[in-house]
Amino acid sequence: MLKVDHVWVRRGAGFALRNISLSLFPGKTLAVVGESGAGKSTLIATILDLVKPWKGEITWAGASVQTCSPGLVMQEPRAAFNPVLSLRQSVLEPIVARNEDMPHERIKRLSDSLELSLEIFDRYPGEISIGQAQRVAILRALIAAPPLVLLDEPLSALDAVIQKHTAKLISDLQQEEGFAAMIVTHDLGYAMAYADEIAVIKSGGIEEVSTPQTFAKESKSGYSRLLMEAAMALGALEPSA
Amino acid sequence: MILSVSGLSATRSGRTILHPTSLDIEQCESIGLVGVSGSGKSTFGHMLIDDLRSKGLKVAHVPQSPEEALDPLRSMRFHWHEAERALGLDTGSTDKKTLFTALKIEDGDLRKRPWGWSRGMQQRFVIAMALISSPDLIVLDEPTSALDPVTAAATMDLLEQHREDLNTAMILITHDLGLAARRVSKLMVMHDGRIVEQASTEDILERPKTDVAKYLVAHRSWAVVPC
Ligand SMILES: Nc1ncnc2c1ncn2[C@@H]1O[C@H](COP(=O)(O)OP(=O)(O)OP(=O)(O)O)[C@@H](O)[C@H]1O
Ligand SMILES: [Mg+2]
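Those protein sequence lines, which keep their order, are chains A and B.
Under this note's numbering, the letters of the first sequence match residues 1 to 241, in that order.
Under this note's numbering, the letters of the second sequence match residues 1001 to 1227, in that order.
Calculated directly from the structure, the hints in this document are not laboratory data.
One thing to keep in mind: the hints can contain errors.
What the hints assert, rightly or not - The following residues of chain B were derived to be distant from chain A, with all beta-carbon distances above 12 Å:
1) Ile1017
2) Asp1051
3) Trp1080
4) Lys1097
5) Ser1200
Said to hold, decoys possible - Taking lysine to aspartate or glutamate and the DMTMM-like style, the derived pairs with C-alpha atoms no more than 20 Å apart in a straight line are:
6) Lys202/A - Glu1106/B
7) Lys1112/B - Glu1082/B
8) Lys217/A - Asp196/A
9) Lys1112/B - Glu76/A
10) Lys108/A - Glu176/A
11) Lys1186/B - Asp1109/B
12) Lys1186/B - Glu1164/B
13) Lys1112/B - Glu1067/B
14) Lys202/A - Asp1109/B
15) Lys202/A - Glu1084/B
16) Lys1186/B - Asp1157/B
17) Lys1214/B - Glu115/A
18) Lys1096/B - Glu1084/B
19) Lys28/A - Asp196/A
20) Lys164/A - Glu1067/B
21) Lys1058/B - Asp1024/B
22) Lys168/A - Asp112/A
23) Lys1097/B - Asp1157/B
The C-beta atom is built at its ideal place from N, Cα and C for all residues, glycine as well.
The whole structure should be built from the sequences, with the hints applied where relevant.
Quick look at the structure:
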C-alpha cells in the first residue's frame, strides 16, 4: 500500500504541499484533481523521492517507494525520453534487458491498444507527435507490470477515440495485475468513470477525498462544485435530470 | 485582410506528413483544427506560421508544449523581456500585471526558470507572451491541455476578449470537440496529413461527412457520466 503520511513540502517562504495524507491500496485507482498549480505534480515528484518532504513520510509497503520501481508518466511527454536515442534504444531495449521473459505479445498488446505502430520505435523523440510521445510513455510505464503506477495527466494530449481505448487498457491491466494507480487528471468525466476515489487538491492541501458518487452528490468544498460546473459547461459531465 | 497560404507541405525522413494544403483565413475568423493524435495538426500549425511570418505578417504562437517556447536555462523574466524586445518594445514597458492577474499567474516567481513553474502555469505564461502584441493571427496548439476546466474557461475567455479588442484571427488546434464547439465558428478535420473536411462547427458536429469526423464526433463524450 502507498501511504502518504502528513507530508509538507517547502517552496520558497511558503509550502507547495501542506499536510497531505493519503493511502492507496493495490488494485485501486485514486484520481487527483484540482486547479492548475495546486501541487498535483509536486505530489508525484515527492512520492518518487525527487522532492524531499520538509515533514512527513511516504512509503510503499513500509519501505521507500523507489523499491517498487513504480511506472511513471510525466506531464511533459517528450521530455521523458533521451533525445539522442531512438525510442527502440531508450524504451524497448531496456525493458527487454530488464525483463528477460518479456513476451513479444505483451509489447504488441500494449502498442495495439495505444494505436502505436511498431515502426514508431525506430524514430527519435523529436520525430513523433506529442500525443504519440504520451502513448509511448504510457507503454513504458505499464509494460513491466509494476505494482504502482503514477500517471500525470496521461490522456491530456490524446483525442477522444484514443483516450477511450487508453483508459480501457489501463483499467483492464489493473484488473488483471492489481496495481495501484494514482492518476492526476483535469478530466472529471474520466475521474468519475474510472476512479475508486477522487482527491481534490487546492493550494497544496487536500480539500476532500470522496468516492465518485459522493463527489457528484454532496461535494463539500466550493472548488469541487466549481470544477463540476465547469466540466458540465464543457460537456465533459452530464447534469442528471 | 485575408491571410492566405497555399501549397504548404512537409516531408520528414522520407515520409510526407503534410500534403499540399491551402487555406484562407478572414480577419477576426476563428478556426478549429481537429483530428486524431498524429494526424498532422501541429505540423500544419508550424508550416502555416513559418509561411505567414516569411511574408512579414505578425503571428503569435502558443506551442503544444511550453518546452518549445521556453529555454530551460533562462529565467521567466528573461523570456518576458526577450518577447518585448522581439516586438521592438522597451523591456518592462508592457502591462504584465493585468495580463498575469487575468491568467492567475501573478504569484509565479519570475526569477525562476520554467521548471520552477507548474506546466499549466508555463502554458499560461506562454499565452501571456502571445498577448503582448497585436498579432494578425494567433495559433494556439492545445492551449488548455494542462489546465483544469475552471482555469481553461477563464483563459479562453481572456483570449476571446483580446481577439475582439484587436481583431485578431485565431487557429485553435485541439483534440477537445467540447472546447471547439464553444470557441470557434469553423472546423477543419485533419487526417493523415490532409484536411479532409471543413465546414461550420455546427455542421461538423451535427452532420459529419467523412469517417474520421464521424468517429471523432461519436466518441466526443466517451467518459461522460450522469451525475
Ligand atoms: N521528424 C519527423 N520524422 C518523421 N515523422 C515525423 C516527424 N515529425 C513528425 N512526424 C510524424 O508526423 C505526423 C504528424 O505529426 P504532428 O505532430 O503534426 O501530429 P498532431 O496531429 O499534432 O498530433 P498530436 O495530436 O499527437 O499532437 C505524426 O505521425 C508524426 O509521427
Ligand atoms: Mg500536435
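These are the hints, each one checked on the structure:
For Ile1017/B, the non-interface assignment is contradicted: its Cβ lies about 9 Å from the closest Cβ of chain A, within the 12 Å cut-off. With a least CB separation of 20 Å from chain A, Asp1051/B remains clear of the 12 Å interface cut-off, as annotated. At roughly 18 Å from the closest C-beta of chain A, the C-beta of Trp1080/B stays outside 12 Å, upholding its exclusion from the interface. Its beta-carbon lying about 18 Å from the closest one in chain A, Lys1097/B satisfies the requirement of being farther than 12 Å from that chain.
Against chain A, the non-interface label of Ser1200/B holds: every CB pair exceeds 12 Å, the least being about 18 Å. Taken as a hint, the Lys202/A and Glu1106/B pair is honoured in the structure, with Cα atoms around 17 Å apart against an allowance of 20 Å. Annotation: proposed proximity of Lys1112/B to Glu1082/B holds, straight-line Cα distance about 15 Å (limit 20 Å). The suggested pairing of Lys217/A with Asp196/A holds, with an alpha-carbon distance near 15 Å, which does not exceed 20 Å.
Restraint check for Lys1112/B and Glu76/A: satisfied, since their Cα atoms lie roughly 18 Å apart, inside the 20 Å limit. Only pairs whose Cα atoms come within 20 Å are accepted, and Lys108/A paired with Glu176/A is accepted, the gap being roughly 17 Å. This hinted pair does not check out: Lys1186/B and Asp1109/B have alpha carbons roughly 38 Å apart, beyond 20 Å. Proximity of Lys1186/B to Glu1164/B is assessed by CA-CA distance (about 17 Å); at most 20 Å being required, the pair is judged to hold.
Between the alpha carbons of Lys1112/B and Glu1067/B the distance comes to roughly 15 Å, so the proposed pair stays at or under 20 Å and holds. This hinted pair checks out: Lys202/A and Asp1109/B have alpha carbons roughly 19 Å apart, not beyond 20 Å. Only pairs whose Cα atoms come within 20 Å are accepted, and Lys202/A paired with Glu1084/B is rejected, the gap being roughly 33 Å. Between Lys1186/B and Asp1157/B the alpha-carbon distance is near 18 Å, which keeps this suggested pair within the 20 Å criterion.
As the CA atoms of Lys1214/B and Glu115/A are separated by approximately 18 Å, the hinted pair is consistent with the 20 Å bound. In summary, the hint linking Lys1096/B to Glu1084/B is supported, as the alpha carbons are separated by about 11 Å, within the 20 Å threshold. Between the alpha carbons of Lys28/A and Asp196/A the distance comes to roughly 6 Å, so the proposed pair stays at or under 20 Å and holds. Our distance criterion of 20 Å between C-alpha atoms is broken by Lys164/A and Glu1067/B, whose separation comes to about 27 Å.
Pair hint Lys1058/B plus Asp1024/B holds up; C-alpha atoms about 16 Å apart against a cutoff of 20 Å. For the given pair, Lys168/A sits about 13 Å from Asp112/A by alpha-carbon distance, which is consistent with the 20 Å threshold. With a CA separation close to 18 Å, the supplied pair Lys1097/B and Asp1157/B stays within the 20 Å bound.
This entry does not satisfy hints 1, 11, 15, 20, going by the numbered hints stated previously.
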